[in-house]
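Given only the sequences and the hints, what does the whole structure look like? Please build it.
Protein chains: 2
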Amino acid sequence: MKKFGIIGPGAVGTAIAYALNQSGHNVALFGRSNSTVLFQEYNHSAQHEFTVHALQDAHEQVDILFIAVKTTQLDSIIPYLNNVIHSNSVIILTQNGYGQLQKINHPYKYHAVVYISGQKDKNSVTHFRDWTLKLPINNNTLNLQAVTQDSLLNIECLEDYPEHVWYKLIVNLGINTVTALTRQPAVVLKSNEVKTLCYNLLVEGKRVAEAENIHFDDDLEESIMKIYEGYPDDMGTSMYYDMMNARPLETQYIQGYIYNLSQKHQLSTPYIESTYAILSTF
Amino acid sequence: MKKFGIIGPGAVGTAIAYALNQSGHNVALFGRSNSTVLFQEYNHSAQHEFTVHALQDAHEQVDILFIAVKTTQLDSIIPYLNNVIHSNSVIILTQNGYGQLQKINHPYKYHAVVYISGQKDKNSVTHFRDWTLKLPINNNTLNLQAVTQDSLLNIECLEDYPEHVWYKLIVNLGINTVTALTRQPAVVLKSNEVKTLCYNLLVEGKRVAEAENIHFDDDLEESIMKIYEGYPDDMGTSMYYDMMNARPLETQYIQGYIYNLSQKHQLSTPYIESTYAILSTF
Numbered sequence: 001m002k003k004f005g006i007i008g009p010g011a012v013g014t015a016i017a018y019a020l021n022q023s024g025h026n027v028a029l030f031g032r033s034n035s036t037v038l039f040q041e042y043n044h045s046a047q048h049e050f051t052v053h054a055l056q057d058a059h060e061q062v063d064i065l066f067i068a069v070k071t072t073q074l075d076s077i078i079p080y081l082n083n084v085i086h087s088n089s090v091i092i093l094t095q096n097g098y099g100q101l102q103k104i105n106h107p108y109k110y111h112a113v114v115y116i117s118g119q120k121d122k123n124s125v126t127h128f129r130d131w132t133l134k135l136p137i138n139n140n141t142l143n144l145q146a147v148t149q150d151s152l153l154n155i156e157c158l159e160d161y162p163e164h165v166w167y168k169l170i171v172n173l174g175i176n177t178v179t180a181l182t183r184q185p186a187v188v189l190k191s192n193e194v195k196t197l198c199y200n201l202l203v204e205g206k207r208v209a210e211a212e213n214i215h216f217d218d219d220l221e222e223s224i225m226k227i228y229e230g231y232p233d234d235m236g237t238s239m240y241y242d243m244m245n246a247r248p249l250e251t252q253y254i255q256g257y258i259y260n261l262s263q264k265h266q267l268s269t270p271y272i273e274s275t276y277a278i279l280s281t282f
Numbered sequence: 001m002k003k004f005g006i007i008g009p010g011a012v013g014t015a016i017a018y019a020l021n022q023s024g025h026n027v028a029l030f031g032r033s034n035s036t037v038l039f040q041e042y043n044h045s046a047q048h049e050f051t052v053h054a055l056q057d058a059h060e061q062v063d064i065l066f067i068a069v070k071t072t073q074l075d076s077i078i079p080y081l082n083n084v085i086h087s088n089s090v091i092i093l094t095q096n097g098y099g100q101l102q103k104i105n106h107p108y109k110y111h112a113v114v115y116i117s118g119q120k121d122k123n124s125v126t127h128f129r130d131w132t133l134k135l136p137i138n139n140n141t142l143n144l145q146a147v148t149q150d151s152l153l154n155i156e157c158l159e160d161y162p163e164h165v166w167y168k169l170i171v172n173l174g175i176n177t178v179t180a181l182t183r184q185p186a187v188v189l190k191s192n193e194v195k196t197l198c199y200n201l202l203v204e205g206k207r208v209a210e211a212e213n214i215h216f217d218d219d220l221e222e223s224i225m226k227i228y229e230g231y232p233d234d235m236g237t238s239m240y241y242d243m244m245n246a247r248p249l250e251t252q253y254i255q256g257y258i259y260n261l262s263q264k265h266q267l268s269t270p271y272i273e274s275t276y277a278i279l280s281t282f
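Protein chains in written order, with the UniProt record's numbering: chain A, 1 to 282; chain B, 1 to 282.
Simulated from the structure, these hints should not be mistaken for lab results. Accuracy of the hints is not assured; some may be wrong.
In the SDA-like style, the derived pairs of lysine to any residue whose C-alpha atoms are separated by at most 20 Å in a straight line are [said to hold, decoys possible]: (1) K226(A) with P185(A); (2) K264(A) with N192(B); (3) K195(A) with Q252(B); (4) K264(B) with E193(A); (5) K3(B) with K109(B); (6) K190(A) with Q252(B); (7) K70(B) with M243(B); (8) K264(A) with T196(B); (9) K3(B) with K120(B); (10) K190(B) with Q252(A); (11) K190(A) with T281(B); (12) K264(B) with D219(A); (13) K195(B) with Q266(A); (14) K3(A) with Q149(A); (15) K264(B) with N192(A); (16) K195(B) with N260(A); (17) K195(A) with G256(B); (18) K195(B) with T196(A); (19) K195(B) with Q252(A); (20) K190(A) with F282(B); (21) K195(B) with F282(A); (22) K190(A) with G256(B); (23) K195(B) with T281(A).
Here it is as structure tokens:
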């Protein structure tokens with residue numbers, strides 16, 4: 001039986017722990033220190049408690065490791081990865097953004113495009129919706145899909161994985177940027193100037209994707225704007241909440257990743273450039 | 001003997017009151033309510049007290065009126081202007097930005113480009129440097145220059161007044177925008193991305209000026225960047241302090257004025273557009 005490990009007892013990590021635990025898997029959850037975390041489904045009262053083990057003191061090698069800390073915390077956990085993996089372990093990074101895999105020195109590592117939404121408040125996680133991790137298709141990810149097929153987790157192994165990476169990057173580029181910079185939730189799109197800025201960010205993000213040989217339908221920007229328009233006025237984004245709580249921003253692996261590729265391809269992307277310049281100071 | 005009035009007992013208004021009072025002029029200072037304000041020169045201990053009269057209750061008509069409230073407060077004082085002017089009064093607006101004169105329904109009105117720097121803390125104004133007001137040249141401004149020639153005030157009546165308006169607009173466009181949006185004083189120019197953004201704002205600002213038939217030397221942007229580089233790291237801008245203190249921003253008459261002209265001339269100014277979109281939400 002495969003042993004699973006998860007570093008990061010936040011909304012995503014705890015949800016994955018719950019999903020695997022529910023279907024009878026052997027799961028260990030690691031965090032900064034020994035503690036507990038509570039999990040519940042939105043609109044359900046049942047709470048499930050999970051033990052969190054201090055990663056620094058761990059010596060339990062897992063076959064499949066999910067890294068679910070925020071991008072801004074990745075550097076601080078990397079020195080302890082060898083506490084919990086062996087040479088054939090498979091690592092699944094479940095973070096926002098892209099480009100972080102290169103920081104991990106291990107042969108079997110994959111960055112999931114995460115569609116699991118939830119929220120953590122103190123030591124209590126509420127899961128709102130979705131259980132999907134989108135991964136590149138290969139023997140390791142197909143094996144993960146097979147062993148988790150009875151769980152709530154929906155592992156997708158995709159030929160067109162890069163398109164999915166870029167789709168989520170572009171979605172985040174628009175709404176995360178404008179909500180973080182204006183310090184307002186989705187209601188800020190009611191400003192015509194901000195809506196236009198958001199749209200122009202999508203146009204430029206798509207142009208960078210195209211330089212990377214990722215092609216989208218002509219109406220990509222319109223379809224993403226439609227999605228944004230469906231957001232409740234008071235809906236924040238992860239980067240909005242980070243800004244409001246004066247936490248470090250994940251700029252480097254969302255806007256920064258796209259900005260650096262734009263520079264590499266010598267594209268003109270002034271909307272990305274100006275908003276990235278401001279965000280990168282926080 | 002001419003009667004002078006000043007609305008707005010802030011750093012600029014109180015300094016003008018002091019300058020006129022020193023040279024023996026008849027000066028009345030108006031504010032929201034009856035109060036007093038103290039004036040002193042930087043590095044001097046002598047304090048000068050001025051009485052502030054409530055504008056709402058005023059019935060003292062002056063020959064020359066300086067309006068020295070912030071742009072965001074202009075609308076609230078306009079209904080009371082007739083308390084303090086007569087049909088031949090000359091109005092001098094000493095505010096940041098440009099475009100506000102049209103709000104004032106009076107024939108003799110001029111917008112000064114202000115170079116008077118100071119700071120107000122509670123009811124105490126400290127004057128740092130400069131006493132210059134740059135105005136268009138005409139009989140009224142030449143008359144003002146003549147009657148104030150013995151005072152500290154330096155009234156300049158200029159043929160190339162529009163160039164001076166635009167020069168200050170462009171200077172403010174760069175540094176005010178980046179310090180307000182990043183919520184950092186001048187030290188933020190040490191970020192290469194922010195420095196580049198600031199430079200690009202100047203380039204676009206100059207392009208808008210050119211569409212308005214205002215022509216600058218080729219090295220305008222470089223020379224303004226040099227000025228910025230001379231700023232102390234901890235130096236804020238008026239818009240930076242407004243942002244940090246959650247006060248209304250003067251965006252509409254600085255960035256907004258330039259942005260609207262860019263739109264009118266159908267120019268492509270994405271750096272102005274994106275930063276204006278964000279600033280205009282505050």
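Results of checking the hints against the structure:
For the hint pairing K226(A) with P185(A), the CA-to-CA distance comes to about 16 Å; that is within 20 Å, so the pair holds. Proposed proximity of K264(A) and N192(B) is supported: the alpha carbons are some 17 Å apart, at most 20 Å. A C-alpha spacing of about 18 Å is found between K195(A) and Q252(B), which places the hinted pair at or below 20 Å, so the restraint holds. Restraint check for K264(B) and E193(A): the C-alpha separation of about 15 Å stays at or below 20 Å, so the hint holds.
Distance restraint check for K3(B) and K109(B): the Cα-Cα separation of roughly 16 Å lies within the 20 Å cut-off, and the hinted pair is therefore satisfied. A hinted pair counts as satisfied when its Cα atoms are at most 20 Å apart, and K190(A) with Q252(B) qualifies at roughly 18 Å. At roughly 14 Å between alpha-carbon atoms, K70(B) and M243(B) fall within 20 Å of each other, so this suggested pair holds. Distance check on the hinted pair: K264(A) and T196(B) sit about 17 Å apart at the alpha-carbon level, within 20 Å; holds.
Restraint check for K3(B) and K120(B): not satisfied, since their Cα atoms lie roughly 25 Å apart, outside the 20 Å limit. Restraint check for K190(B) and Q252(A): satisfied, since their Cα atoms lie roughly 18 Å apart, inside the 20 Å limit. Distance hint between K190(A) and T281(B) is fulfilled; the C-alpha atoms sit about 10 Å from each other, no more than 20 Å. In summary, the hint linking K264(B) to D219(A) is not supported, as the alpha carbons are separated by about 28 Å, beyond the 20 Å threshold.
Restraint check for K195(B) and Q266(A): satisfied, since their Cα atoms lie roughly 19 Å apart, inside the 20 Å limit. Between K3(A) and Q149(A), the direct Cα distance comes to roughly 15 Å. Compliance with the 20 Å bound is thereby established for this hinted pair. Restraint check for K264(B) and N192(A): the C-alpha separation of about 17 Å stays at or below 20 Å, so the hint holds. Restraint check for K195(B) and N260(A): the C-alpha separation of about 17 Å stays at or below 20 Å, so the hint holds.
The straight-line distance between the Cα atoms of K195(A) and G256(B) is roughly 17 Å, inside the 20 Å bound, and the hint therefore holds. This hinted pair does not check out: K195(B) and T196(A) have alpha carbons roughly 24 Å apart, beyond 20 Å. For the given pair, K195(B) sits about 18 Å from Q252(A) by alpha-carbon distance, which is consistent with the 20 Å threshold. Between the alpha carbons of K190(A) and F282(B) the distance comes to roughly 14 Å, so the proposed pair stays at or under 20 Å and holds.
Of the supplied pair hints, the one linking K195(B) and F282(A) holds, its CA atoms being roughly 15 Å apart against a limit of 20 Å. Taking the CA atoms of K190(A) and G256(B), the gap is about 18 Å. The hint holds against a cut of 20 Å. For the hint pairing K195(B) with T281(A), the CA-to-CA distance comes to about 12 Å; that is within 20 Å, so the pair holds.
The structure shown violates the earlier hints numbered 9, 12, 18.
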